[in-house]
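Enquirer: Here are the chains, one letter per residue:
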Amino acid sequence: MAPSFEQLDPDLDLEDEEIDFSDLREQYEVRMEEGLDAFVVVDGLPKVTPEQKDKLVKFLLRKLTTAGKTTQDNVYMPMNEEGNMSEGFAFVEYETPAQAAAAIKALHGTALDKKHTIAVNKLTDIERYGREGRIEEDYTAPEIPEFHEKEHLRWWLGDPEGRDQFAIYRADNVGVFWNEREDQPEPIVDRLNWTESFVQWSPKGTYLTSVHAQGTQLWGGPTWSRQKRFMHPGVNLVDFSPDERYLTTWSHQPMQVDENHATLTIEEDGKNYIIWDIATGKPLRSFVTLDPPGPRTDTEGNPIKKKLQWPAFKWSADSKYVARMNHGQSVSVYELPRMNLMDKQSVKIEGIVDFEWSPTNPQRDNVRDYEQLFCYWTPEMGSNPAKVGLMSIPSKEVVRTRNLFNVSDAKLHWQSDSAFVCVKVDRHSKSKKSLATNLEIFRVREKGVPVEVVDNIKDTVINFAWEPKGDRFVLITAGEVAVGSAVPPKTAVSFYCPEKAKGTAVGNFKLIRTVEKKNNNAIHWSPSGRFVLVATVLNQASFDLDFWDFDFEGEKEEKEKDLTANLQLMSTQEHYGVTDIEWDPSGRFVATSASVWKHRADNGYKLYTFSGQQLREESLENFKQWAWRPRPERLLSKEEMKNVRKNLREYSRAFEEADSAKRSSADKAVVEGRRRQLEEWLAWREQVVEELVEERRE
Amino acid sequence: QEHQDLLARREVIQKKKESAATAQAARLREEEQRKKVRQQELLAAESERLAQEAKDRDERRVQAERKRVQREETEKQLNELKKGVKGVDVSNIDIDDLDTNRIRMLKLQALEREKNELNDKLRVTGKRIDHLERAYRREEIKHLAEDYAA
Amino acid sequence: MRPILLSGHERALTQVKFSKEGDFIFSVSKDHNVCAWYSANGERFGMYKGHQGALWSVDVDPTTTFLATGGADNTMRLWEVKTGKQLKQWEFPTSIRRVEFSEDGKLLLGVTEKRTGQLSNIYVYDIAQDVNAEQSDEPTLRIVVDELPRVTVAGFSYLNRYIITGHENGCVAQWDAKTGEMIADEYPHEDGASVTDLQWSADRTYFITSSKDKTAKLQDARTLKVLHTYVADTPLNSAAITPEPTNYVILGGGQAAMDVTTTSARQGKFEARFYHKIFEEEVGRVRGHFGPLNYVAVSPDGKCYCSGGEDGYVRVHHFDPPYFDFK
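Chains as they are written, first to last, in the numbering used here: chain C, 12 to 709; chain G, 252 to 401; chain P, 1008 to 1334.
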């Protein structure tokens, strides 16, 4: 259990949380008075009995001492007149006024636990304003906008147990929970009609996005208050820039803006896309949807439904650029924050079919200047071969190209560190009949960007995925579909890794193993790499989940000794009707779910460990969506991380203890609860039976 | 009269002779017949003996073949066991004592052991990953205040 | 222990009941038949012939002398258990949804279906305790249910003090069994989710209701207070209370065929579920049926239970010894 005082008194008056002290806050930096400056007043505490007081003081001290030095003797928590309840505030003396000031700065407005937000103020301020009668007896409700700035949007990273959060959207409710592994998730917030179509976390987890007919809203902070609102009537999809500074909203219908609209101007009229500045809540620029290539209607004049490219506006890793392709012609690169078209013209790339930015800042050999890279490809045109190219921005220099022949399609797959980009090339024979796939792997960080052609893979590759932060990959191939067969063809899963090489070099890619006669169609790598879940989703007849380990810590086969992997199937599970799979941000857990958006059977979720051990299973009426809350990059330095690894044994011991204490207290609570239930029941029965005997006698 | 008698006697003798000869011939025939039958019987017995011998030989051969196949099968399974399943010690098992059931048993035991080992290893791995992540996060909390200020 | 399969019905079972001693099982089905079976070995003891329509309800009196049945042919009938002889036939304007004897067997109630122009009525008859006696034509009490929606289930409380009814909107109501006045109405189940069954504890001081809202509720017969709630993951058709000292409830249900997207039995959740009566936790499931469980009943001696399924089978399960160890 999280340290929390909610169990003390469920009816605690929580109004305190909303008291607005902003007027005081404006003052506290100005004033420095005599000896009382080392005192602070902590308000917004739970009200407790004298027995509980010590516990609360100790609990509070843990927080207070993060900002300065003080001891239990220096915390004075007054009781009410009857002496049976504390007043909900405390006086605290720090060693120095500087520490007191630091405490105010660090702790004011922060969460004590999930129900209590504390206000920390200078005693002298309270004295002065109190004396002058500037605090009214009747507290007025705070003004919400002012509160926003005070909320710590990354509060959830401070969970003492280091748990992860997830959102569940089922029926009309969106709830956010702490993951409690096999135990019931701990609810944090649950709201009816919080969203109208779906929810989406921002890439670093700061905001929860809700999507409504009128636009989208961003929510966050410990009170889940609205942080921003973006009016975009009919919005269908949203996309964040990687740094969470910008937001793209899109509606399939062009906007109709009248002159009196609050945020949108005539500029936005008729547009489909708006790119917003999240901080100001203002649109930066808006665009219409570009028609995808190909004829609009089929030979009989019926409109052809085209697959939407999403996101159409693709962000560079550092969010300095956002680019959109004009199919077959060019890429328009816009510079942030002004959203001006770079060099006032689009980059011409004749025939371009697709492009992808490098997902992190590229580190090419011997390139010191700032650059971002994108990879693109163009098909065969006339006698010219198909081409894959890497373009550097802002120079627009093509730093590498490769010619390809007999190309029917290509897909671009960047590795998460931008060390490689794999171009999956589907090739046809001269007769255009048989298909085969080539993997052309560009080693982006190596001198001259060498390209390794991995294999001549028969059958069509239907899925490919790089190991995040690693250099291994998994692909799935599918055989020919038998004519007239309703069953999808059997698939084969292949695992690849580089050979061992000297030093830091990455050896040639080699096939480790191929598993035939599978139905798998989905590859879900753990975000930390190493583990991969190969699954069968959205399939009527099969729904198996294979959990693989690429670095199994066991015996390795002799014939694989030169490979940088030790592949092991950890376990195979089934989740009937599974439609979605999502790893938690740490790669320790994976949630599989069956969404009512896809079918109506057995909607709900299952939670597994990385190795496929099932922790939980819950079927939920009208379950729609599961979304783990992402986390930002670690705030730790390399040195600190090394230290943690070095001392892991000690941490481990502490965690083991904490876990077993938690378990035993939970067990105790269960036993206690049952004992109570049993006693209540027996007492009731005794009474009823007694009365019945009496009545029967009459 | 005497002549008559003589004649008669001669006739009688003749008759006796004849009948003796006939009897002799019959006896001979009979003897021959018996001999023949015996001969046949002997022949039959001999051929039966031969047949039986052949059958026995065949049976022995089939038996041997079966045994060989069985042994081959056992050996094959044993080899599979050696190759397919890690950690089975077959060095001190006499292949002649094995039948397929025992091999299956061995295999099951080995698989069970392998599974347990796998689970043990994964449990250790899981703990380490979990504790490392939690330790990082615990340290991270210290930086949260700075992060908020920034 | 292996279940005993009572096969003989050709269509879905609607209700199954044990005799007081637990030695007989009575079953009614949409196939118009009423059957009696030996619970020990599953042999058929006999049939009660006469009904001309699907049957909805059956009950047996505490002495296993009389059997009452009712169904879609708009009749409620009284039979002699031993001989299969029909002793009485009452006729109504609409079908009979539910029949039940009082705990002393001296009263019998029948619930009629609500249809256009006809309200749900509850009829109570005095039952003469002699197989040769002439049974009365006229009810001693008739409750016209006009303020509440259609009655789905009903029964007599301890000492024939109350009649408790369950309704198609999830309502549970309490009536004075002497005067027919409504005393209280409560809404333990989700609004609009039909109450599908109501079964009594041995002393009839509390009862359990099951509902399409996927829950079953244990309620006090006197106050209608919900004592315990059991949450399942499928719409429930029936709920039974095991006799003390064991503390279980058995729930049965399952998604009706037309609501199931796949035909697989595991999707329909055609299982009898056991919950701890006091701790409200599911303790086990018994599978076997190929369709929803329409009714579950526990033998009054607590030694076995049976379930009647949409698949036309009655399955009788005798409990294994370990069942009695855990309390």
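Since the hints were derived computationally from the structure, they do not count as laboratory data. For each residue, glycine too, the CB sits at the ideal point set by N, CA and C. There could be a bad hint or two in this list.
Residues on chain C that point at chain P, a partial pick, calculated with CB under 7 Å [what the hints assert, rightly or not]:
{"no.": "1", "residue": "L631"}
{"no.": "2", "residue": "F666"}
{"no.": "3", "residue": "R685"}
{"no.": "4", "residue": "Q688"}
{"no.": "5", "residue": "L689"}
{"no.": "6", "residue": "Q698"}
BS3-like, lysine-lysine: derived pairs with alpha carbons at most 25 Å apart [unchecked claim]:
{"no.": "7", "chain 1": "P", "residue 1": "K1185", "chain 2": "P", "residue 2": "K1221"}
{"no.": "8", "chain 1": "G", "residue 1": "K378", "chain 2": "C", "residue 2": "K567"}
{"no.": "9", "chain 1": "C", "residue 1": "K529", "chain 2": "G", "residue 2": "K393"}
Enquirer: Now look at each hint and say whether the structure bears it out.
Expert: Okay, the hints, checked on the actual structure:
1. L631: At 9 Å from the nearest chain P Cβ, L631/C fails the 7 Å test, so the hint is violated.
2. F666: With a closest approach of 29 Å, the F666/C hint is violated.
3. R685: Since the shortest Cβ distance to chain P is 6 Å, the answer is holds.
4. Q688: Given a least distance of 5 Å, the restraint on Q688/C holds.
5. L689: With a closest approach of 6 Å, the L689/C hint holds.
6. Q698: 10 Å, violated
7. K1185/P - K1221/P: It is violated: about 33 Å lies between the C-alpha atoms, which goes past 25 Å.
8. K378/G - K567/C: 22 Å, holds
9. K529/C - K393/G: Violated, at roughly 47 Å.
Of the hints listed earlier, those the structure fails to meet are numbers 1, 2, 6, 7, 9, in rising order.
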